[in-house]
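Fit chains V and Z to the given chain F structure using the hints.
Chains as they are written, first to last, in the numbering used here: chain F, 1 to 335; chain V, 336 to 645; chain Z, 646 to 964.
Check each hint, because a few of them may be wrong.
Claimed, not checked - Straight-line alpha carbon distances no greater than 30 Å define the calculated DSSO-like cross-link-like pairs of lysine-lysine that follow: (1) V:Lys471 x F:Lys18; (2) V:Lys536 x F:Lys120; (3) F:Lys47 x F:Lys259; (4) F:Lys96 x F:Lys119; (5) Z:Lys675 x F:Lys271; (6) F:Lys120 x V:Lys598; (7) Z:Lys916 x F:Lys271; (8) F:Lys276 x Z:Lys651; (9) V:Lys471 x F:Lys95; (10) V:Lys368 x F:Lys120; (11) Z:Lys651 x Z:Lys730; (12) V:Lys598 x F:Lys115; (13) F:Lys119 x Z:Lys916; (14) F:Lys317 x F:Lys259.
Simulated from the structure, these hints should not be mistaken for laboratory data.
Note that this is a predicted model, so its numbers are computed, not measured.
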Amino acid sequence: MLAQTVTDNTILEVKNLKTYYPIYGGFLGRAISKVKAVDDVTFSVKKGETFSIVGESGCGKSTTGMSLIQLVTPTSGEILFNGENIFGKDKRKLKKVRRNIQIIFQDPFSSLNPKMTVKKIIAEPLVINRIASGQELEDRVVELLEMVGLGAHHLYRYPHEFSGGQRQRLGIARALALNPEIIICDEPVSALDVSVQSQVLNLMQELQEKLNLTFIFISHDLSVVGHISDHVAVMYLGRIIEMGTREEIYQNPQHPYTKSLMSSIPLPDPKAKFTKKRIVLEGDVPSPENPPTGCHFHPRCPYRTDKCKEVYPEFMKVTPNHSVACHLVESGQLA
Amino acid sequence: MIEAKLKENNEGVLAQNNQMPVDKKAKSSNPSKVYWKVFKTSPLGISGLVILVLIIFAAIAAPILAPYDPLTQNITQRVQGISAEHWLGTDAYGRDILSRIIFGAQTSLTVGLLSVLASGVIGTAIGIFAGYKGGKFDEILMRIIESIMSIPMLLLGLMLLVALGSNMTTLVTALSIGLVPSCARIARGPALEIKESEYVKAAIASGASSFRIMVVHILPNIMGSLLVVVTLNMASAIRIEASLSFLGIGIQPPTPTWGNMIKDSLSYLTTAPSLAIFPGLALMITVIAFNLIGDTIRDASDPYIIRKRG
Amino acid sequence: MVLDVKNLSVGLGTKDNQKLILNQVNFSVKRGETVAIVGESGCGKSMTALTVMGLLPEPVVSLVSGEILLQGKNLTNLSQKEMNKVRGKDVAMIFQEPMTTLNPSFTIGNQLGEIFKIHSNLNSEEIRKKCIEMLTKVKIPDPEAKLKVYPHQLSGGMRQRVVIAMALACNPKVIIADEPTTALDVTIQAQILDLLVELQTQFNTTVILITHDLGVVAETCQRAIVMYAGQVVEEGSVEELFEHPQHPYTKGLMDSIPRLGDARGKLHVIKGSVPDMDAMPQGCRFNPRCEVATDICRKEAPELEITSDGRRVRCWHKL
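Just chain F, same shape as in the assembly (with noise of 0.2 Å):
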């Protein structure tokens, strides 16, 4: 992992990526107001990595992942991919780009389309992209399924005879077809029963050694988020305000809001009540349509001050690998 430090192997470079959405309404349907569900977020991932990004609902995780692949249009942003802009390319090199970087889904069942058989959906990235036929497309299909576990003798199935466990396993192998050097996975393991959940985790883990495969990880678990991954990025409404390598997220968190975040998981440590302080935030979120002046934390932040109510707090490096929004981490308040 020491090694990774070196940059010339980032593999994907996002700066000030800003995608907002248009809200319509009132006469004829023109958009009114915007919201900006990702707003100026900057981060870099390297190869081989897994770089997760965790943030309550609303926060703008997913559509930072979306927007990373296009599925939804960036307003703003560049969005390097080995040191190529790939934002805002025509159609044509969108998806060779596309090939490069896959997806993976949070719910097993919407994910899947009922109505064709397993053989159908994993071939479809190479049907889409001409890479295979015939003979050739059923090995090719074939070696998917046992890269995830499962069989030729689950060809010719359909979605719904699978277990929420497999069909992850499903999506799995078709995000694979095309050999993409990143996968995004948005909330894989979400939907899936505990010790399920740690069968999809572990051969996720081995096919990224396996494959030098580079994971961007958006999740709201944050147990899991510290089980898998390198880089650990926080969102909170549209930016990201703490970013560092696992270890000082999870053992140093800087910002009162993934303080908090860190000390809301639910231990299963039945000792731990008595030891744990937890830090219950007053509130809920805030809506993305219309967030809180200044520091967007501030309304529910216990040691807010006048300043943050009024400026946006700056990101600055608390030590080489760990960055912060806060003002009273710049102000040292917080030590």
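For chains V and Z alone, coordinates are given in the frame of chain F:
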């Protein structure tokens, strides 16, 4: 080493597959087989199907089945009742009613089939396109569809037939236009929903074109409900055709249709009601058969029945 | 004992083709206790709750045998009409998804007031006061204004608070909470769990918490019942259960959770997945997935045995 690990991981899953007798279910999972299964257990659906097959057979084999030529007049045998010679009697011109009903089936089914096919293809295409593209396309297309819907189909047929002249082509065109909205609307809803599904996103992410998504992903998912609408449309097409012919502006005599047979019988309604009753019965039975089939398909495409396993 | 569930069996399907989705479920709950029913999807934990509430989706699913004694009164003998009086008053339920629990076309005041209308003789002004009191208890800010608000105008956390207020309205003896925080974010989950624990001590209500999240169990409950494939497989105090799980399934579950601070590495795996109802394995239902299974496990089903005070395990090879 990784291979070994993978294998170990896989064994767990394989073991689990062996526990589950999935093979038994693999047979029932094929959608067309599910339809057949539901039909088999539905007496109404089966009777609809049997009636329809008989009617289609009669229409195709009309020249062989019909005992007389449907157009040959025989003034000496006008308005006769049921007899061994003329099973269902004769009409005002002495033509054999049974033969005319059999040939009438030809007309009804042809008109129905052509208009249902045309409206099905056009309507589905419009619906899927509007739903998938959304935005302005959707707005404009749906307003057009709604304005068509605001005109009663009978009135639409009347207007077109009067304006363009009574012939088969105009009749089919009028019926097709009238039936397009039902297909467009039934296709649009699921298209809207499916375009947001994760499997469509996954397809886009691997480079699928809009055309591919509409044809490969959306179309198969609406086939079930489309089939229901198409069957029910067939019933209305036949009904409207009969109504227009009854009004004298549909298919023109001497070509026999059930509608103009009923019209011709009007002056004999009190003296020889069989002239109206038999074509009326034929019409009714056909419409009911299509409705029964439509209802059964609807039951079969109900996700609750298909997805017993959840 | 406030609640005593005895030999509860529930079947899916018609009489001649019935599959047991709950098989001889036994447990009892003491007054003022918080008990968890834990298990993976399909283990029957939610079905147990629905059975106690008398809310089985009949005739698809129906009670086969067993007794549910609420303070000695057998709920299974009650007619639907009598059961309506028990529901909400003696036992109340909190569902997972607050958006679907609340009727979108009525205000919060309407829905909360409805409960008092059914179960008490208060006039409308008293009901209003009661509603405000309940909303205050679940810490909803500005309760008076919230009475006129529709569910969609509230956030998920606030909606779940309303649902809790509704459950507590008649001061029921038992509250069954079915995955009450699963649909919520972590920080909101923390708020709701704190609230539940606080209200539970304040009202001395008995809470049955149904969940798949072992973290939630460890933090909020005193006792836990582990279910697998329609059966109770282990029961014990939370401390004992987490420290020394005796059933291989319980142990497997505990080991599969990624722990905070774990380095990356392989997680423990329970191989395979929950068996299909049509194909329950012979003998112990867990045997195909069990690491310590032997011949006897494949042939004979173990009984739920009492191993020590308050602990029960269903296994031939207790750990």
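**Report entry** Structure versus earlier hints, numbers of those that do not hold, lowest first
**Finding:** Per hint list: 6, 8 and 12 violated.
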